[in-house]
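**Student:** So you can see what is in the structure, the chains are spelled out below.
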Amino acid sequence: MIDIRDVSKSFTLHNQGGAVIRVMEGASLHVAPGECVALTGASGAGKSTLMRVIYGNYLAASGSVLVGGLDVARAEPREILRLRREVLGYVSQFLRVVPRVPTVEVVAEPLLALGVDPEAARARAEALLRRLNIPERLWPLSPTTFSGGEQQRVNIARGFAHAYPALLLDEPTASLDAENRAVVLELIAEAKARGAAIVGIFHDVEARARVCDRVVDVSGFTPGVAA
Amino acid sequence: MSPLLRVAGIEKRYGARIGCADVSFDLYPGEVMGIVGESGSGKSTLLNCLAGHLAPDAGQVIFDTWRMGPVDTVTMSEPERRMLSRTDWAFVHQHARDGLRMSVSAGGNIGERLMAVGDRHYGRIRAAALDWLDRVEIDGARIDDRPSAFSGGMQQRLQIARNLVTGPRLVFMDEPTGGLDVSVQARLLDLLRGLVRRMGLSAIIVTHDLAVVRLLADRLMVMKDGRVVESGLTDQVLDDPQHGYTQLLVSSVLQV
Chain A
1 MIDIRDVSKS FTLHNQGGAV IRVMEGASLH VAPGECVALT GASGAGKSTL MRVIYGNYLA
61 ASGSVLVGGL DVARAEPREI LRLRREVLGY VSQFLRVVPR VPTVEVVAEP LLALGVDPEA
121 ARARAEALLR RLNIPERLWP LSPTTFSGGE QQRVNIARGF AHAYPALLLD EPTASLDAEN
181 RAVVLELIAE AKARGAAIVG IFHDVEARAR VCDRVVDVSG FTPGVAA
Chain B
1 MSPLLRVAGI EKRYGARIGC ADVSFDLYPG EVMGIVGESG SGKSTLLNCL AGHLAPDAGQ
61 VIFDTWRMGP VDTVTMSEPE RRMLSRTDWA FVHQHARDGL RMSVSAGGNI GERLMAVGDR
121 HYGRIRAAAL DWLDRVEIDG ARIDDRPSAF SGGMQQRLQI ARNLVTGPRL VFMDEPTGGL
181 DVSVQARLLD LLRGLVRRMG LSAIIVTHDL AVVRLLADRL MVMKDGRVVE SGLTDQVLDD
241 PQHGYTQLLV SSVLQV
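Top to bottom, those sequences are chains A and B. Counting from 1, one number per residue, gives the positions in the first sequence under the working numbering. Counting from 1, one number per residue, gives the positions in the second sequence under the working numbering.
Isolated chain B (complex conformation) (with noise of 0.2 Å):
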């Protein structure tokens, strides 16, 4: 099996303080990443840089895509990786209003998804939407309401139906929890694992919370002041930490 993604020495600097640097790893289909680290600690900017909404100032991001194979998708033109955005990729934003039109319908955030890849058939893209409402968990009755009717917790499943709708092969997350409650939480993470399993989606998911990566992610990177401090297998990282940072991180984590 060959990675589906293999990034190698990313770099981003602001001027002359870094983002990130040196990040190297391989994702492999099917595989759920975790990037942890404080505010600042550079994991957005990574995150942003290997989704394209950032040019990093070095490296490569090879990802596998349907159509050409391996391909650098640093130095592919703006128009190919905006289509790659809409067919193998999906992004979560932490707000879900940065990742939805709040002036269209429920049903209209999905099937314009679906309607940028080239549907244009009226019955069969409502279908899906239908079909995707069910699935994360929101009564089709609200299919035409706009998403601001909808609570925090409904809008962000809105957000992962319009994302996944089209069927992509990665998902990027940006505290696809943060700012939800504890409850709410739960059963958006309980949905993520069920859609990740089935459709056998990769993912790499950028959280600052170590009980969102524990329950959803089988690597796990940590990082601090732009750089990767330690990686591995989640379970391992968390309960048996090898460097100082990661211990302290750890260590932090309030006990309920």
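With the rest of the complex left out, here is chain A (with noise of 0.2 Å):
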């Protein structure tokens, strides 16, 4: 479902007297549906990096990125925005909403993207609020003022609202009390259970420990030291 072969990945400063920073190379991944695989590293190794060239938000130097058969790495922008919509969800750690949109529509919205029957997509989105412990009365309002936990949930809602075929996971446990992250861990679970292939950061070890199948560390695609 996702498979990366010798992805490099720099970035050229040009306001910076045109400083290459060569953050990745080498990087190779395959993921089949129905399995988890987590990145490891540490800070600044580019964990999140290959997350992101896995998405197309960085453009990848080198190499080839298929998720779902589709070269993220050369496609036009309408084929990585329908990879979005239909094959490839994204749970990152930060919540980014137009201000003033309810909880609810947030979390509908990948449905409705997709053209699902609002009463549906609502129905689905309500459901998921309401596993992830999100009270009723947030519901009708703008994500953008509630805490940071309460903003990771409703990330994680959206995230799985569409029964993704590939999912990537920016440390979806994180900032979750005990009760919350066993609910994210079922949802990654069933997400496993249905063919889903997911690519995620855990910093958390014993989140790690249940839902990936195998780990990959990110240090292997760091570039040597250039002499």
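Simulated from the structure, these hints should not be mistaken for laboratory data. Cβ coordinates follow ideal geometry from the N, Cα and C atoms, glycine included. Accuracy of the hints is not assured; some may be wrong.
[Claimed, not checked] Far from chain A, by Cβ distances over 10 Å, these chain B residues were calculated: (1) Gly9; (2) Arg17; (3) Arg86; (4) Ala116; (5) Arg120; (6) Tyr122; (7) Asp181.
[Unchecked claim] Beta-carbon label-pair distances, calculated as ranges: (8) B:Gly40 - A:Thr144: 33 to 43 Å; (9) B:Arg13 - A:Ala127: 51 to 61 Å; (10) A:Ala163 - B:Asp139: 38 to 48 Å; (11) B:Ser252 - A:Arg85: 24 to 34 Å; (12) A:Leu66 - B:Ser251: 28 to 38 Å; (13) A:Pro140 - B:Asp139: 18 to 28 Å; (14) A:Ala127 - B:Thr75: 47 to 57 Å.
Take each chain as given, in its own frame, and dock them per the hints.
**Tutor:** Put into structure tokens, the structure is as follows:
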């Protein structure tokens, strides 16, 4: 489902003397349907960078990034947008929303974008919010004023609203209490059971052990210090 | 799926000076494209060339019309283009007063567009006006008030209603949130996003506000000195800019 071959990534800082920062080389990763792979490595080793490359948020400098058969490194914007709508979900650590939009709509949006009936989308959004213990009185409010943990859960609800065949999870259990953490782990297990290919960053070692089938240390993709 | 708009080699010169040059892109149905760049980068010139307000010196703007299929709007006759701008296109100006008739009531502003495409039934026009006031969150009781009695944000929403009432397929927007309070901007962005999705609109939005394009645009084009220096998926261009100018633009935004 996710097939990354020999990907490299560098940043060229044109306004700082054209400095080139090489952050990744020779990255390869294969994730089958129903499999969950954890990315590990020290802070700054490139875990988030690799996730962003898979999502098409960062442009790979070379190599191929196949997700559901589409090479994200070379695809047209509209192909990537369609991939993100239908195939590839992403739960980031930060919630980015239009101010003023009610929480329940934020969560239902991925379904509405797919053309799901608004009533059905709303019902699914409400079920997820309830499951993630977001109090019903908050549903009509914008999540912009919520606490960090609440925003995180809204983000997770949104990420799991549609049954994406591939999912990227950036620290999905960070800043959650034990009860909600258990819910998130359940959601991940359910996604795996229905065949989703998942790549995640889990600092929570116990969570990682429970849901991940394999661990890939991205330090192996860090370029050697150039002479 | 074929593109709604195919732009090829658009160029506009003001004497020796380049307004914009060598601009080409395809826009597909339902896509929202942002054009960013500093003042004088040529983004408004480009928008006006695309919308038929300015005649480009070179290039084609091929639009897939309802009735005739793909047509080059640059070489089309003026009456044809004017009709197109009422039926298939909409143009939202930065200053609402440029897009509204200030001496005509709010309802009249919306109804006028319907009458321009041939609707003559007063009851139906008034009902459509009320429906659109509601959609842009203006109290229906204000239908007979003139826009001069409205706040800036309300005027902008009325302009959007007037533009969208005829069900266009492509909307050109020139700094639609410019000059509005931040709180009013958020409301307008939310409204525009909802309308774009529900009506399946394609849009081209010129702005210097990167936050606006991040929230509204699927794709982004960055212009400098009349030329496109970078284009791509909006979040990719903003988070991993490849061109030095885009990097400067992104890193110059003040954080709040």
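**Student:** Which hints, by number, does the structure contradict?
**Tutor:** Per hint list: zero violations.
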